[in-house]
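Just need the whole structure built from these sequences, with the hints factored in.
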Amino acid sequence: MKLRHKLTLASLLFKLLFVVIFLAATPYLSQLINLVQTDNELIEKREMVIDLISEYGVVPFVGESREGDFGSYNILKEEFISLEQVDLDEYWNFIEVSERLIESQVIEYRVLNYSFLVDGEMYLLEIGKSLSSIADAERNIRLLTLFFLALFVVLSVAFEFSYTSYLLRPLTKITSKLTKTSEPHLYDKSVIKTSTDDFSSLDQTLTSLMGKMNQLLKKEKEITQNISHELLTPVSVLRGKLENLLINENLSGESAQKIEETLMTLHRLKSMVNSLLLIARVESRHYLKQERFTVSEVLKEVIEELEPMANDKEIEIIHRFADDFHFDVANHSLMFSMFFNVVNNAIRHSENTTCIEIKSEKRDKLFMVHIIDDGSGISPEIQKSLFERFRKKQSATTGGSGIGLAITKSIADFHEIDLVVSSEQGKGTRFTFTWPVKV
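Residues in the sequence shown are numbered from 1 upward in steps of one, following the UniProt record's numbering.
Treat the hints as calculated values from the structure; they're not laboratory data. Possibly wrong hints are sitting among the right ones.
Below, a list of computed lysine-lysine pairs in the BS3-like style, where the Cα atoms sit at most 30 Å apart [unchecked claim]: (1) LYS173 <-> LYS212; (2) LYS365 <-> LYS177; (3) LYS289 <-> LYS362; (4) LYS221 <-> LYS6; (5) LYS258 <-> LYS241; (6) LYS289 <-> LYS359; (7) LYS212 <-> LYS289; (8) LYS359 <-> LYS300; (9) LYS189 <-> LYS173; (10) LYS177 <-> LYS6.
Please read these numbers as outputs of a predicted model, since none were measured by experiment.
Below, the structure is given as C-alpha cells:
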C-alpha cells in the first residue's frame with residue numbers, strides 16, 4: 001500500500017472513530033441541548049409577557065373579575081400560555097413536565113410556572129411547549145448534525161488525500177527516477193522541485209550516492225579490464241613455451257601428458273580472462289549498437305554452430321520461428337554470444353537423445369524468444385544466483401568458466417532485454433528473452 005493511501009486511511013479511521021463516539025453521545029447531547037434551548041425560549045417568552053403586563057396591566061388579559069383568567073393555544077396545540085389569579089403561600093418559578101387536557105386530548109408539555117404579585121393579588125403564569133414538538137426539533141437537530149458530520153468526513157478525507165498526494169509528489173518523482181535507472185550513470189540528476197526540506201535532502205543524497213556508485217563501478221570495471229589484459233600476456237607466453245616443449249623429441253610420455261594438462265588449464269584460464277574482459281567491456285558500453293539483422297538470422301547461426309555438439313549427444317534442436325524481429329540498433333556478435341551461451345548450456349546439461357526447442361513469438365507489444373530443454377533442471381537455490389559470476393564450481397564433465405550466464409545477462413541488459421528463467425528439477429529449464437516491439 002502506498003504511503004499516501006496509508007496516511008489517508010489512518011486519517012479516515014480516526015475520523016470514523018470520532019464519528020462512532022459522537023454518534024453514541026449524540027442522543028444525550030442533542031436532548032440536553034434541546035432542553036436547554038427550550039427552557040431558554042420559555043424564559044424569554046415569560047419576560048415578554050411580564051413586560052406587557054408591566055406596560056398595560058393585568059386587566060387586558062384576565063378581565064376585572066377576581067376569577068378571571070387567560071389561556072391561549074396555537075392551532076397545532078404545540079404551545080400554550082395561561083394566566084390566572086391564584087392563592088399561593090409561596091412564589092413559584094420552576095419548569096416541569098405536566099399533562100394538559102385539551103379538547104378531550106391529553107398532551108404532555110414542558111411547562112414554565114411563574115407566580116407574581118399585581119396590586120396585592122397573586123397571579124400564576126404558565127407557558128408550555130409540547131414534548132412532541134420538542135422531540136421533532138431534537139430529531140431535526142440530529143439529522144442536520146449527521147448530514148454536516150458526513151459532509152465534513154467526506155470533504156476532509158478528499159482534501160487530505162489530495163493534499164497528501166500533492167505533498168508526496170516529490171517522493172513519487174524520486175521513486176520514478178530510481179525505477180527508470182538501470183545503472184548508476186543513467187540516473188536522472190535533475191533537481192526535484194519541492195518546498196519540503198526532507199524530500200530535497202533525499203533527492204540530493206540519492207544523486208550523490210548514485211555518483212559515488214558510478215565511480216566505484218567504473219573503478220571496478222577498469223580493474224577488471226586491467227587485470228584481464230595483464231593476465232593475457234603471461235598466459236600467452238606460458239602457452240607458447242609449453243607448446244615449444246612438446247616439440248622436443250626427447251620429451252618423455254609422462255612429461256608430455258603433464259604439459260598437455262597444463263595447456264588445458266591455461267586454455268580454461270584464458271577463456272575465463274576473455275570472458276571477464278567481455279563482461280567489463282559490455283558493462284562499460286564499449287560495444288556499438290549499429291548493426292541491422294533479424295532474430296532468426298542470429299538463432300540459425302547459433303544452431304549451425306552448436307549442431308555438431310548436439311549431434312554427438314544425439315540431441316535434436318527444434319526451432320519454430322512463428323514471428324521474426326528486425327533489430328535496427330544492436331550488436332550482432334554480442335547477440336550471438338547471448339543466445340549461444342544459453343543453448344550451449346542446454347546441450348551440456350541435457351541427457352543424450354533428448355531435445356532442445358528454440359521458438360520465437362510476438363505477444364501483444366512484446367517479442368519473445370524461448371529456449372527450452374529437457375535437462376536436469378536448476379534448483380531454486382541456484383536460480384537465485386544463476387546470473388552471478390562464478391556462482392558454482394564447474395565439474396570436469398560439464399566444463400565452462402562459470403560466467404557464461406553472467407555474460408548473457410550483461411548482454412541482455414546492454415540491449416534492454418528482459419531475461420527470465422523458469423526451471424524445475426528433473427523437468428528441464430526455460431529461458432525467455434523479452435523486449436518491446438516499438439511501433
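(message) For a C-alpha distance cap of 30 Å, please report whether LYS289 and LYS362 respect it.
(response) 23 Å, holds
(request) For the pair supplied as a hint, LYS212 and LYS289, confirm whether the alpha-carbon distance does not exceed 30 Å. (result) 27 Å, holds
(message) Can you confirm whether the C-alpha distance between LYS221 and LYS6 stays at or below 30 Å?
(response) 42 Å, violated
(message) Next pair to validate is LYS289 with LYS359; report whether the Cα-Cα distance is within 30 Å.
(response) 24 Å, holds
(message) LYS173 and LYS212 were given as a pair; does the straight-line alpha-carbon distance stay at or below 30 Å?
(response) 21 Å, holds
(message) Checking one constraint from the list: CA of LYS365 to CA of LYS177, max 30 Å. Satisfied?
(response) 24 Å, holds
(request) Starting from LYS359, check that the Cα of LYS300 is at most 30 Å away, please. (result) 11 Å, holds
(request) Decide if the proposed pair is consistent with the structure: LYS177 and LYS6, CA atoms, cutoff 30 Å inclusive. (result) The hint holds at about 22 Å.
(message) So if I understand the rule, the pair passes when the alpha-carbon distance is 30 Å or less; does LYS189 with LYS173 pass?
(response) Status holds; Cα separation ~12 Å.
(request) Below or equal to 30 Å on CA atoms is what counts here, so check LYS258 against LYS241. (result) Holds, because 14 Å separates the two Cα atoms, which is no more than 30 Å.
Consistency with the previously given hints fails for number 4 only.
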